[in-house]
Each structure stands twice: as C-alpha cells, then as structure tokens.
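Chains as they are written, first to last, in the numbering used here: chain A, 1 to 346; chain B, 347 to 692; chain C, 693 to 1038; chain D, 1039 to 1384.
Treat the hints as calculated values from the structure; they're not laboratory data.
Yeah, the Cβ is synthetic: ideal placement off N, Cα and C, and Gly gets one too.
It is possible that some hints are incorrect.
Reference excerpt, derived from the structure (chain D facing chain A, CB under 8 Å, subset only) [as the list claims (entries may be wrong)]:
hint, residue
1, Ile1040
2, Ser1220
3, Ala1222
4, Gly1327
BS3-like, lysine-lysine: derived pairs with alpha carbons at most 27 Å apart [said to hold, decoys possible]:
hint, chain 1, residue 1, chain 2, residue 2
5, C, Lys858, C, Lys760
6, D, Lys1266, D, Lys1290
7, A, Lys228, A, Lys166
8, A, Lys252, B, Lys510
9, C, Lys950, C, Lys858
10, D, Lys1131, C, Lys993
11, A, Lys224, B, Lys574
12, C, Lys996, D, Lys1290
13, C, Lys944, C, Lys858
14, D, Lys1342, C, Lys858
15, C, Lys996, D, Lys1106
16, D, Lys1262, C, Lys993
17, A, Lys166, B, Lys574
18, A, Lys304, B, Lys571
19, C, Lys950, C, Lys993
20, D, Lys1146, C, Lys917
21, B, Lys510, B, Lys426
22, C, Lys917, C, Lys858
23, A, Lys228, B, Lys472
24, B, Lys510, A, Lys166
A few chain C positions that, by computed beta-carbon distances, are all more than 10 Å from chain A [as the list claims (entries may be wrong)]:
hint, residue
25, Glu825
26, Tyr896
27, Thr1029
There are 4 protein chains.
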Amino acid sequence: MIRVFICGGSGYTGCELLRILSNHPHVVVTGVTSERSAGRSVVELFPNLRPYENLIYEPLQVENIIDKAEVFFMALPHAKSQTAVHSIFHEAKTVIDLSADYRLRDVKVYEEWYRVPHRYKTTLKKAVYGLPEIYAKQIAEARLVANPGCYPTGAILGLYPALKNKLIDTDTIVIDSTSGVSGAGRTSDIRFSHCEVHEGFKAYAVTTHRHTPEIEQELSAIAKKDIKVNFTPHLAPFDRGILTTIYARLRKDIGTEKILDMYKRLYAGQMFTRVLNRGAFPDVKNVRGTNLCEIGLTVNKITKTLIIVTAIDNLTKGASGQAVHNMNLMLGFDEMTALDLVALHP
Amino acid sequence: MIRVFICGGSGYTGCELLRILSNHPHVVVTGVTSERSAGRSVVELFPNLRPYENLIYEPLQVENIIDKAEVFFMALPHAKSQTAVHSIFHEAKTVIDLSADYRLRDVKVYEEWYRVPHRYKTTLKKAVYGLPEIYAKQIAEARLVANPGCYPTGAILGLYPALKNKLIDTDTIVIDSTSGVSGAGRTSDIRFSHCEVHEGFKAYAVTTHRHTPEIEQELSAIAKKDIKVNFTPHLAPFDRGILTTIYARLRKDIGTEKILDMYKRLYAGQMFTRVLNRGAFPDVKNVRGTNLCEIGLTVNKITKTLIIVTAIDNLTKGASGQAVHNMNLMLGFDEMTALDLVALHP
Amino acid sequence: MIRVFICGGSGYTGCELLRILSNHPHVVVTGVTSERSAGRSVVELFPNLRPYENLIYEPLQVENIIDKAEVFFMALPHAKSQTAVHSIFHEAKTVIDLSADYRLRDVKVYEEWYRVPHRYKTTLKKAVYGLPEIYAKQIAEARLVANPGCYPTGAILGLYPALKNKLIDTDTIVIDSTSGVSGAGRTSDIRFSHCEVHEGFKAYAVTTHRHTPEIEQELSAIAKKDIKVNFTPHLAPFDRGILTTIYARLRKDIGTEKILDMYKRLYAGQMFTRVLNRGAFPDVKNVRGTNLCEIGLTVNKITKTLIIVTAIDNLTKGASGQAVHNMNLMLGFDEMTALDLVALHP
Amino acid sequence: MIRVFICGGSGYTGCELLRILSNHPHVVVTGVTSERSAGRSVVELFPNLRPYENLIYEPLQVENIIDKAEVFFMALPHAKSQTAVHSIFHEAKTVIDLSADYRLRDVKVYEEWYRVPHRYKTTLKKAVYGLPEIYAKQIAEARLVANPGCYPTGAILGLYPALKNKLIDTDTIVIDSTSGVSGAGRTSDIRFSHCEVHEGFKAYAVTTHRHTPEIEQELSAIAKKDIKVNFTPHLAPFDRGILTTIYARLRKDIGTEKILDMYKRLYAGQMFTRVLNRGAFPDVKNVRGTNLCEIGLTVNKITKTLIIVTAIDNLTKGASGQAVHNMNLMLGFDEMTALDLVALHP
C-alpha cells in the first residue's frame, strides 16, 4: 500500500479526493491538513465521508507530516501552495499540486495574473502540466505535477484536436463556459448562498479570469504559436459541472463528419475523454461525479465556424479525479483505478 | 375600459399575460381560449391567478369570440397562429401575435426554417416587428404586431447600438445564450421534467435554432447589410430568464467607456432597457418577472473584441411583458402601464 | 403622503418591505438603516430595487431619524430591536416591529427562550400581536404592533378555527413545518450556501426552535387554556415559502365538509386567508411573493385525526407583507393597498 | 458469475439497479426489458450508463428471457408485476420484486388499496418482505422477496426499535415524509416538470397514499398488535431522497440517551442503518446515492413525545440498493458487495 497525504483537505476538492481514494485498492490516506478545522474530524465537516471516521484534520507543518506518506496531494489556495510544494518536493516525495502555483511556465505571466511573486523557479521547471490526454508520458516520469484548472481542462480538451490538425484560425477563438457553484469552493461568501444563486445566471470576471493565461499557454504549446482567446465564465444554479462552448473560424472547407473522425482518432485509447456521435452534445448531468470529459461538435457551414461543446465535472475531471489519474500514471497503476465511476441519474 | 381577449391561454405566456393584465387599469380580459382545456377554469390550471376566478377556457372559434374584444393577444403555437391572426386582423381588430408566424418578412426564410407554407402574404406585410426600442413609432401606428422571440429580444438589444454605430465586424458575431426551462413552454415532455433538468446544463439545437433567421433579419436591418451569426442556445436549471453573451471583433480601437456612452445615449428614454455602469454585468435573477432588459459590456483589448451581456425574463420582456408594452403603444397608453414591476429577491 | 422609515433594511425582510411599499400609493419611504452597509446604496445590495436608486443606508441613530417619518418598520435582529422600538414608540411614532422582541407577553418566557433580559416591560404591554385575522380591531387602535413570526403565522392560522370550535384534543397537536432558505435571512453562513443546501432536506432545531413559545402563546389564547405543541421545522432547497402540516386528534366524530365550512365561515371577509375546497391542498409555489395564506384540510377517519396544511410566503405573509397589512389597518387604509399581488408562475 | 436479468429497466429504479450492479464482482447483467423502449439501447435513455453500451431493451416475454439468468429483478408497475413474478418464480428462479404486488400479506388489503385483484395467492405466501434489518434470516432462505416501498423503508426503520421496546403509545403515531421528485418515477407527467416543481413544496395523497397499509402491516407485525398511522407524504424540489419525521407519545418517562442506546443496540451489526449521536439529525444530502438509512431522535419532555427523523435515498435504500442487498443475502454474498457507496458532496 502506498501512503498518501492531503494538504488542504477541508474544501470540496479535498472532500472529492477522499471520496475517490476511498475506492483505491493500492493507496491509504494517512493524514489530511486544515488550519481552520485542525482538531475536528473529517466526518464532522463532510458527513458523507463515513469511511474516514477516524481521520482528524491537523495543521500543515512539513516536519510533522513529511514521513507520513510517499505521495502528497496539495489542495491549498494559490500562493499558499508555493512553499509547501517546494519543501515537500525537495524531500523526494511525489507531489500533485491542485493549486495554480506550478501551472504557468512563465513566471512573469504568473506574477501578473496572480499578483504574488513566485519564489521557486527551479522547482517550477520540474513541474509537468497534468493533462494526461496530452502529457501522459511526461507525467509518468514526473515527481511534480501541476494539476490543471477546471476551466482549462474543458477548454483545452475541446480545442486540442482542432489545433493539432490546424483546422481553425487561431485569432478567432471564443471560449464560453458555465460552471456550477462548487467552482467557487467551500465558501461562506454570501454571493454563493442559495438565496443569491438560485434562479440566477450571470457572467463574471469577464476578460479577467485567471484561467485565461493557463488556457492560452496550453493552446499556444499545441499550436506552436502565440494564441490569445476570449474566455467568459458564467455561474449557474447547479452544484457540479462545467460546460464549455467553443467557437472558432475554420481555415478550410471541411465537414462535421471529418472533424469528428479526427477527434475520435486523437482521443482513441483515452479512457476519460469521449467524443460523441454526430448530432449529440454533452450535458454536465451525464458526467457528474465521474472523471469523464464528453465532447460534441458541429460545423456552421454558413459562418464557416467550428462549434465544440465539452462537459466535465469541475471537482472530478476538473480537479480531484484528474489528480488521482495523474497519481495512477506517476505510480504505474492502471489509469482507471478508483476512477471507474458511473454518474447518478437523476 | 378596452376589452382584450387571449387566444391560447393555457401556456406560460398566456399565464404571464393574465398576471400582467390583472394590474392594467385600462383593460379588461373578456375571454381566453384553449382547445385542450376548454371548459376548465383558468384558476384550475394556474392557482396563482386568483383575480380570474370566473374565467373559463373556451375553444377558439373566430365567430364566437370576435365581438368580445377590441384587442387580441395570440399566444398560439407557430403555424396554428397564421389563420387565426389573419381572420381576426381582417375583422378590424388590433392583434398582437406572440407566435413566430408574422415575424419573418421573407416568406421563403419562414418556410425554410418552420417547414410550413405561409398563406397570408398580404397580411404579413402589415405586420410590424414589435421591438419597441427600435420600432416604437411603427408599432404605435400598427394594427398587427409580431411580438419578438425571446432569444432575439436579448440578442438584438445587445447588438443594436454596436451595429448602429458601426463598431463591429459583422462577420464575427457569436451569440451564446442560456435560457431557463420555461422557454420550452408548459409541456409534459420528459426532457423538461425536474429529474432530467436539475443539476444539468447543455447546449441544444446547435446551429439549427429557429430564432436564428429572426436575429439575422433584424441585425441586417439595423446594419443595412446581410448578417449571419453563430447562435447557440443552452438550457439551465432555472425557470425564468435568458442571459445572452455576445462576442464581436471591433472595427476600430475604442474603449469600454466610450462604447458604454453610445449604448446609454441610444437607450436614453427607454423605460425597459438599461445599460449598467462599467464593471457591472446583469443577472437574470434581477429582472425576473419584470419587463427589463439589462445590458453590461466590456472590451477585450488584447483580442480587440467587444463582449456584451444582456439579461431578460423570457416570459416577460421576452414574450408577454413586451406584448403588453406593444399594446400600450398601439392604444396610446403610458408605456409603463401595468409594467412597473419589481423583481422578487430572493 | 405618510412618511415611513425602515430600521434594518439590508436583510431580506427589509428588501421585501421596500418591494411592497414601492407600490403603495399613500406612503413614501424616507430612509433605511444598516450598520454594516451604511453609506452604500440600496440598489447596490438589491439590484432588483430600481425604484429606490437614490436611497442610501444610514446608521441607526434615533435622534437623526426620528423626524423623518410618522411610521417606523423595525426589521432588526431580536434583542437589538428592544431599545430602538422603545425609544421610537415613546416619541409618539407608529411602530411595527418585525423582530421577536415584543411578541411574547410573558417576559419570563421571552428571557428563557431568547436568553436576553427584556428591559421594557411597560412598552411591551402596549404591543398588539399583529395577526390581522384575529386581532384586526386591536391592531387598528394600536401604535405598536409586534409582527408575528413566519412559522407562527402558518401554524396559528391553520389551527385557529379548529380551536375556536373546540374540535381537537389540545394535547395532541403536531406542527410539522418546512421553510425555504430565505428563512435564515441574508446570511453568509456556509450552512446556507448553495452547495450545502441544494439537493438536501433536513429537520433542525428539533424541540428547540424559538417560535415554539410564540405558537403556544397564541394557541393558548384562542383555546383559553394552556397548550403545548410538538413543532419541528425543516429546511428545503427553495427560496421562499413555508408549508405547515398540522395533526390533531378530533374530539368528536365530524367530517371534512363540516370542518371546511367552519373554516370558511371564520375566514369569510379575510382578504388574505383562503380555505381551499375539499381535496385541494396548498403549494408554496402558488403564494410566492403574495400576502396569502392558503389552507387545505381533511379528516383521517380511521385515526380520528384532523390534518391541516397551510402555505405562506415567509417573507410576505410571514413578515413584510403582514407588516404592511398591519400598517394599512393602523393608518386606516384599505387592507389590500399594495398587497394585491399575484404570484409568478412558474 | 451469476447471471441477472431486469424486467422493467427503463425507469429510474432500473437505471439505479444497473448503476449499482456495474460494480458487482459476482454478477453479470444479461438483459433488460422495456415495452416502450424495446430496440433502443440503455445508453440512449441513460447516457450515464456507459458500462452497458451494448445492452438493448427487449420486450418482456417470459419464454424468451427465462433461460438468460438465475436472478430476476422485477421493476414493473404494480399490477403488471403480478403475473410476471408468478411465472418466473415457478420456473425455479430467484426473484426480487420491486413492485408493490407481493408486499401486502392480506389480499383484501391489497385489493382495496390498489383496486386490482390479486390472482396468485399461493405465490404471495412464498414472498418474504425484504427489509434486511428485520427479516435477514428469512430473506437468506427465500426465493421470492418483495422489496419494500420507499416511504415504508424510512418509516419502519425509524419506528422498529421504539415498537420493539414498547416505548410508545401506538395510537399516536404521526409519520410526516418528504420525497424528492424521482419518487414519481421517470415520467412525462406535467406535474413533475421543472417549471411546476421548482420553488414549490406541497403535501399530496393526504390520508390516501398506498404505502399506508404497507407501513401499518409491518409496524403491526413488530408490535404484535393492530396499528393505524397518520401518514402524509410531501413533494420537494430535489431529485433523490426521503426524509421522514415521526412523532409518537412515550408510554414511560424515558430520556433521549437511553432511547438512543436502545436504537444503537438493535441496529448494531447493521451495515446500512446508522443511528446518529445525540443532537445530530440526518440530511438526505448525506445519503444520496448510498444504501444508508440514517436516524436521529430526541424526546420532547414537555409533550412526552418521541421525535424520530430518518433519511434514505428513495432510489437506493428505498428501492434498487435494498434490492441488491436482498440479492446478496439470498445468494450468500457479503452484504456490502457493490453497496459500499460514498455520497457525492456537494
């Protein structure tokens, strides 16, 4: 049994990590930290997590926790993650960081968007961007993985085959996303109270969302050219899921069937990314609680535009499920271990 | 008191018409039709409509109803509305048609998208498109108004000042809309049952929604050139409201403030369309049950794109509220009559 | 025009008062207080309250506000309301207190349940319990009204005719209530965040809810004997409304029809309380945003039990609507003024 | 591998059976019937059921399906289940019937409440009521199990220890239940559409719900005396779960702690029924998608009443999870097989 430890386990991604890992036959969770909830039991915060009845939150002190595990999941807020990741990584541990701190390769971009300095540039260079559909090989060899953001996961997987096959004009990309409320985390902010969210729908952080440079970094890497996008997130009154609708002008006259073929070919062998048949489009409901990304697409012939729609669960494929997927790759387990999840319906 | 009559009053737009008209001091509802519910009382279907305790649905037979009113609201399904509108209009009545049958000026476009013939071309020519922000004058002089579709209302009001001021490249328009469930009408279709919709979010009718030609017709009329758009509707688990996020490439280097000024200037004096201040974006929650259209916008300087967000209540500004607004204009009442509504919060 | 002032206007009952008063032809709101939001505009907190675009929150200082109005609505938390109500009442103003501070006639009971001393016993004696269906006459003559709690309103109106007619064994009363989330107020408490409430349903404060003594006081007054009840509140994932299901053993062999007759007779002439016909039961959806209380009932012949179900909107009939109703009675306006509201559907 | 077959698999209990069985290591689903959806694939109706991509609905013809499996789950509507269960049982198969047809031991009671004759009285006598907490031994020896109704499961488990220990006056039982919308099944009935249910809450089938005699039968069997109850179901706007709040007068002066002890003792060793600690009450959210029944209770000392609250997922513990539990017992598998489920949060 491999011992795993979770730093920052009192949020929804921590809860989701614990839920998924409770089904993992090769690992055991040996501890979990929380500053605010230190001393309280996990089940007190999350009564659904019955298998962890004896797990108590402890404060994050590297010297106290470092010997408790071989693998560390870091689910801390950005900026707070930097030092902890650095320290644990340099104790020769395997680290999967769910924060934004090791995702952006260009320190300047990080500092501009997150408004904090990055103090571990050498460590940053060791980090692999943990999107298995693109970087599985590098992940398998890495000891530090930067787990992708939720919006970037849905956006990049939607555009990857289109860019790889040079189908679209990279100056025309519009990424329109809608997230459920859990995307804001486990928060007492009144803006996410039931009374304020229910029967509401709105755009937020228009042109200013911090996932924008992450999306642009990865699309640019795929296309091997500098790409800037229009990205608009929206908040909808459901709890889990992100739907992303993407628009881009086609460079050539090509039909829906052919593009679907390209998508299916590129994602063949991927266990968690699934291209739907012509005419079908995904619904976040169908991937709830799973590590799946479902993709539908069509061509608007009149406007010569490719329209791609992707659905993920922001807490699973968009965070904790993908983190476990990365761990499976890093430790050489079967990719599906603990991730063979079926969505509840309804 | 002006007598008004509603043809097709057992759906949600009929219910909403009755709700609004119950506060109108100058009109009285003298009857309402429904084929399926003929003989049942309005309150049986809609227990909220207490002021109509004595109103009973009757079948639509023009000869029986024609003398009962001066004004007829037609809330029938498309194709079924055609003949009824034609007959009642030719009995010298004032007609406001909430169906799609008299919205598209080009019969060929109508027949292509709705897959039924249009048999009343002369009557069609008399119809005025009932978007008061643009056509108030013509509406005031008309006796037949084609009330706009819900998605077109939000899309056109969002783009009108941008097109009028020639700000955008008309080849690059993306209209991404999300509607609540009432947009599907009062239907027993299992796809709109609570269990299928709740905790779900999806795109539908991608590139094929029938409101597309209506949007294109009106944008083309404003820009005085042929415009084609990418329009994608989505379904979200709330009951009322449409949020529309619009993207278009700017033709010139112009900032958010200046564009906001142009929007505010063009909509000055409009009672129901309201441009928010810089940094603010609308939420469908704030316009629920009202006849308002709220608009926020910003410029993405890097991609040179104008991003506009509009919110309406699909049943009020997107249907019955706008229909009453049109009636007020046609009969010379104050525009705000019966429409001075404040949204519930929460 | 009568000038009215709201002390404590940044919660949902304050928002609802403003919404209702915006339609009142005989009053004008001259000010509103909030400690935390002093200096901010009402519209900033509640973008739905467009008619109040110039209203700014100010801190509650009696000397500053006392000359601004003839009528004061007090929507402060319990304990905080005591002194303010006392001071303003003694400046010869008309006061409607929405807090719990002047509802319980027995100071000991108040101090036991609310765990704070009551320091204004003489003022307390002047207060009339503001349930118009029972105390309309006293309200009309009062200058201080204690507006009933939300749960008590639904519970008392459901039991009033049964007790008045001595139909039930008063030792057997079970009151099982379910409230929407707005009952918790406008709060950033994580327990009322969308993610914690949605898809959930639970009982809370079982046997300990502070509305229990208020219910018991009023039922005892009606029955002219000491009554104790089982009262269990529940929290459900909707925003507005309280449904109360009441069980009590019948003292005599009497049928549903006869009891319905007694209920209809006692509530004849009441504008806001409405007894449904046999077989019909209320739904909170039908009274949302209105000042109505709807009542359905039936007899279980086998268990000889009367089962009564009532529905109200907790923010309207259960708080601000009833407060305006009380004001109308106190000032001699028509009862329906500003309260002739029709629920949205859907 | 044991082969299992599902008769009636196009509803939500069928979907839930397939979800749970997809994780069962000792069984394989060999077929599933649906009259209306015959010829369509399971994944077409339920896109979440990816592991069944090759499973196609077939019509129910006993001669065609009888050789396909050793175990048959019957998820047909009541009345329709009778004959199919009878035929398959007499082919020496193991049968778990999720309908109401074999639950009521007294044929007269069945015929009175369900308004259809029961034609298989001898078969009915072979049926064991499948509530494992009470009948585990009989279930293990049975070949025909009548799986309990959803409301009865929550009600009986809440009252079993109280009755067993003769704590309560059996003439005073009130059972007040609230179900999510999936309790109505996968239905296109407009009453369960999103627009009609959302933001609503109501009682229904007051005194007339068909689960009443089932509850009474089992409570009477436990208490060894004839028991009649007041049972009121409510409909709330969530999809999964039943919360049941039970009231009964105590026969002796006994405190909460002692009663909790009795409950914990009686349910010790039960894997799926869990008594919460003093002061804690269940929430349907915590048991969603699991086979758990959680129970909280307290004594109202003033009214001498025991108040018990239970939570289950109506589709899992209230239907398909309990059915798989029964199968595990009948086939000698570990009780937890395929049922070691952790609820999603949020």
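Numbers of the earlier hints that this structure fails to satisfy, in rising order: Numbers 1, 3, 5, 8, 10, 11, 15, 20, 21, 23 and 24, in rising order.
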